[in-house]
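Participant: As a plain string of letters, each chain reads:
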Amino acid sequence: MLKMQLPTLGCYFCVFAKLTKGSAMCANLSFNTRITIPAASAAAEMMVPLDPSAKPTSQRRIAEGDNVVVYERHDAMRAVAVRAGGVLQNRFGVFRHDDWLGRPFGCKVYSTGGGGGGGRGGGKAGAGFVHLLAPTPELWTLVLSHRTQILYIADISLVVSYLELVPGCVVFESGTGSGSLTTSLARAVAPHGRVCTFDFHEQRATSAREDFERNGLSSLITVAVRDIQSEGFPEEQRGAADAVFLDLPQPWLAIPSAGITLKQDGVLCSFSPCIEQVQRACEAMRSCFTDIRTFEILLRTYEVREGALKGAADDEECNAGPLPHREENYCLLRKLQMVYIILLLSWLGLAAPLKGTPAT
Amino acid sequence: MISNHYVHTFQNRDGASGDTIVEALIANSSTFGKKTVFSQEKYKLKKQKKYAPKVLLRRPSTRSICETYFKKSPARTGFMRVDALSLLLSMANVGPYSDVLVVDMVGGLVVGAVAERLGGTGYVCSTYLGSAPSSIDIIRMYNLSSDMTSRIVQAPLGDLCSLQNSFNASSVLKDSIQAEGPEPNTVPVENTEPSIPQPVDTTVLDEKAQSSEVQPTNIDISEPTMDEQINQDDNSSLDCKGNDVSSIASKSLRAGKAPSPEKMKYWNEHGFSSLIVAAPGHEVESFVADLLPLLSYSAPFAIYHQYLQPLAACMHSLQVSKTAIGLQISEPWLREYQVLPSRTHPHMQMNAFGGYILSGIRIHNGDACNGIQ
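Chains X and C, in that order, give the protein sequences. Per the UniProt record's numbering, residue 1 is the first one in the first sequence, and the count goes up by one each step. Per the UniProt record's numbering, residue 1 is the first one in the second sequence, and the count goes up by one each step.
Just so you know, these hints were derived from the structure itself, not from any lab. If you're wondering where the values come from, they're calculated on a predicted model, not measured in any experiment. Beta carbons are placed, not taken as given, at the ideal position from N, Cα and C, and that holds for glycine. It is possible that some hints are incorrect.
Said to hold, decoys possible - Label pairs and their calculated CB-CB ranges: (1) X:R91 <-> C:M350: 53 to 61 Å; (2) X:K263 <-> C:V320: 46 to 54 Å; (3) X:K263 <-> C:V55: 18 to 26 Å.
Unchecked claim - Quick list of in silico lysine-lysine cross-link-like pairs, BS3-like style, CA-CA up to 27 Å: (4) C:K34 <-> C:K49; (5) C:K46 <-> X:K18; (6) C:K54 <-> X:K263; (7) C:K49 <-> X:K18; (8) C:K35 <-> C:K47; (9) C:K54 <-> C:K35; (10) C:K54 <-> X:K18; (11) X:K18 <-> C:K322; (12) C:K44 <-> X:K108; (13) C:K71 <-> C:K35; (14) C:K46 <-> C:K72; (15) X:K18 <-> C:K72; (16) C:K47 <-> X:K18; (17) C:K50 <-> X:K18; (18) C:K44 <-> X:K18; (19) C:K54 <-> C:K42; (20) X:K18 <-> C:K34.
Claimed, not checked - Among chain X residues calculated to face chain C with C-beta under 10 Å, some are: (21) S53; (22) P56; (23) E138.
Based on the provided sequences and hints, a complete structural model is requested.
Facilitator: Following this line, the structure appears as structure tokens:
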């Protein structure tokens with residue numbers, strides 16, 4: 001079970017740029033691409049419905065093969081594939097998948113640990129429960145297995161907005177990493193768009209491909225193994241992209257190729273944890289991109305608690321002593337105010353381990 | 001130092017290009033040579049902006065429209081910054097085939113953004129309290145195709161809730177809805193009396209088994225709608241937008257029409273895929289309580305507000321009623337940087353107030369026994 005780590009302070013920089021006319025880039029790039037297109041997934045296509053009937057609604061019931069997100073607490077969730085006879089064990093007890101079949105998404109299910117399986121566990125004191133949620137790209141970002149540092153919702157939402165993605169767009173991405181952003185990109189361009197994502201690490205590319213297949217996204221996302229920094233994007237994709245996203249240790253090496261791959265008026269985004277990388281990336285962009293902007297985004301969360309504040313009259317009353325004929329007035333003065341105390345919880349930022357330069 | 005008069009002569013009589021003027025200004029400036037390299041660059045850019053301006057024409061997108069309004073007239077869009085709007089769209093899982101329920105009191109910015117993300121599939125149901133919807137003029141900025149605008153529908157909250165109740169209760173309510181149908185037409189377009197919408201509101205509210213907390217909110221809202229264009233249905237919108245260019249008028253005709261009864265029935269049975277509320281200046285706690293039952297189970301929602309307190313109250317009541325989980329109040333923080341060689345630093349001024357968002361997921365709070373229903 002992956003405990004969600006909420007990093008503390010940190011910042012990321014996204015650099016957005018638009019392609020200008022007449023970019024004369026002569027890059028001598030070698031092309032050695034392996035693009036594999038996996039077979040259509042059999043998994044329920046709920047995360048990004050490609051069909052009106054696929055989306056989860058109140059009428060839909062959990063069936064075998066469905067992916068659900070088991071919500072234990074706001075910071076403890078996991079993705080589970082429902083199967084007959086399957087069992088989930090966690091701190092709240094033992095949960096049988098069979099109890100979930102036929103229930104609606106968003107329902108509360110109880111554990112069957114201890115007193116009699118299948119009976120009404122609700123009455124038993126201390127019976128654990130979880131909620132079963134329909135998967136969405138946001139929930140997926142919080143439950144996926146981290147093979148690399150991932151992007152979280154604040155960055156993802158800003159990137160999707162600034163890349164000006166609408167259904168039907170073609171997006172190129174490098175590197176894939178754990179596929180957090182890739183899943184949200186797929187939603188943004190569905191149902192007829194395309195996400196072409198590249199990663200130099202073969203194992204990670206395979207894991208990502210498997211994740212996308214499991215989530216029913218294979219028809220939208222193509223994963224390829226390629227070292228974009230040294231090889232650039234494939235030549236046959238020249239002018240194919242509406243948007244390009246780079247999350248690389250040395251993005252300036254890939255920027256000329258991104259310029260070639262982008263259509264006129266396309267948008268490029270480069271994402272870096274360090275200001276030095278941002279500076280070099282911007283420098284590389286100046287020759288064929290315009291309207292270059294750099295942002296840092298963070299998310300602060302607030303906690304809300306109901307509390308009581310004492311009135312100033314309380315202290316006076318103690319000194320005055322009891323006066324029976326005026327007790328009623330004192331009761332009014334002593335009434336406590338109920339207010340909401342708003343606490344600043346944390347800076348929910350993104351801390352990245354410093355991305356090392358690749359070995360030569 | 002060249003005088004202004006000289007420059008104007010240069011410009012008008014000799015027909016010199018902007019670049020020539022800039023060069024001439026630099027050549028004749030007494031202080032230019034003493035400036036640092038950075039200062040010289042800054043001077044040149046400043047003069048170019050004045051005498052040789054360049055514009056780049058681009059298609060409007062959610063991002064650019066939101067940024068423009070935020071800079072020029074943020075009050076119209078409830079001070080919603082780009083990152084807040086982007087977060088709303090992500091948190092509400094706006095994607096293909098979604099049926100998104102929206103309360104948009106920010107001029108149509110959110111409705112347009114959702115319609116753009118849907119790309120012609122699914123629906124945006126813009127709902128409103130009372131009998132008159134608030135203006136959603138900003139959707140015209142998006143250059144939406146006719147497919148996309150046809151996906152934008154408007155329905156009063158009273159109708160959506162009444163259907164919900166009639167689904168559970170008797171069919172008497174359905175008859176009342178049909179009786180109410182023609183009523184909005186009889187309310188005059190230039191209605192400035194707050195008392196006139198009220199009788200309509202109270203009849204709608206009486207049907208609802210929901211709490212009467214909504215009533216005070218209706219009375220508040222009737223005042224803002226006085227100023228905005230009243231866009232009641234297809235017929236009256238013709239009158240309202242008669243002075244527009246015909247293509248724009250036809251777009252607004254297609255957008256904002258009432259949904260078909262089949263669609264209303266579908267949403268009643270299946271629920272909406274998600275909810276976005278952008279009602280700055282309103283107390284949200286009461287009408288969120290009415291909106292949540294209209295959502296599918298496990299549907300996400302995102303509520304934007306300019307201020308923290310109303311969201312805190314709303315979050316508290318949702319926690320107590322146990323109708324939602326994953327509740328979180330977020331404040332997005334955005335800082336823009338200038339990145340230039342040896343001159344990289346954040347912009348000198350930063351906006352610190354982009355609003356707050358309450359997000360969560362609606363849950364099924366029926367009986368939770370083990371075993372199949």
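Participant: Against this structure, judge whether each hint is valid.
Facilitator: Evaluated hints:
For X:R91 and C:M350, the hinted distance range of 53 to 61 Å is not satisfied, since their beta carbons lie about 43 Å from each other. Under the hint 46 to 54 Å, the C-beta atoms of X:K263 and C:V320, about 52 Å apart, fit the expected range. A hinted range of 18 to 26 Å holds for the C-beta pair X:K263 and C:V55, which are about 21 Å apart. The straight-line distance between the Cα atoms of C:K34 and C:K49 is roughly 22 Å, inside the 27 Å bound, and the hint therefore holds.
With a CA separation close to 22 Å, the supplied pair C:K46 and X:K18 stays within the 27 Å bound. The suggested pairing of C:K54 with X:K263 holds, with an alpha-carbon distance near 22 Å, which does not exceed 27 Å. For the suggested pair C:K49 and X:K18, the alpha carbons sit about 20 Å apart, so the restraint of at most 27 Å is met. Simply put, C:K35 and C:K47 have alpha-carbon atoms about 15 Å apart, close enough for the 27 Å limit, and the pair holds.
Pair hint C:K54 plus C:K35 holds up; C-alpha atoms about 25 Å apart against a cutoff of 27 Å. For the given pair, C:K54 sits about 15 Å from X:K18 by alpha-carbon distance, which is consistent with the 27 Å threshold. As the CA atoms of X:K18 and C:K322 are separated by approximately 46 Å, the hinted pair breaks the 27 Å bound. Proximity of C:K44 to X:K108 is assessed by CA-CA distance (about 65 Å); at most 27 Å being required, the pair is judged violated.
For the hint pairing C:K71 with C:K35, the CA-to-CA distance comes to about 32 Å; that exceeds 27 Å, so the pair is violated. Note on C:K46 and C:K72: the hinted pairing holds, with a Cα-Cα distance of about 22 Å set against a maximum of 27 Å. Taking the CA atoms of X:K18 and C:K72, the gap is about 23 Å. The hint holds against a cut of 27 Å. Simply put, C:K47 and X:K18 have alpha-carbon atoms about 24 Å apart, close enough for the 27 Å limit, and the pair holds.
Our distance criterion of 27 Å between C-alpha atoms is met by C:K50 and X:K18, whose separation comes to about 23 Å. For the proposed pair C:K44 and X:K18, the alpha carbon gap of about 23 Å is at most 27 Å, so the pair holds. For a cut-off of 27 Å, the pair hint linking C:K54 to C:K42 stands: about 16 Å separates their Cα positions. This hinted pair does not check out: X:K18 and C:K34 have alpha carbons roughly 35 Å apart, beyond 27 Å.
Using the Cβ-Cβ criterion of 10 Å, the hint placing X:S53 at the interface with chain C is satisfied: the shortest such distance is roughly 9 Å. Against a cut-off of 10 Å between C-beta atoms, the interface hint on X:P56 holds, since the closest Cβ of chain C lies about 6 Å away. A hinted interface residue such as X:E138 counts as satisfied when its beta carbon comes closer than 10 Å to some beta carbon of chain C; here the least separation is about 6 Å, so the hint holds.
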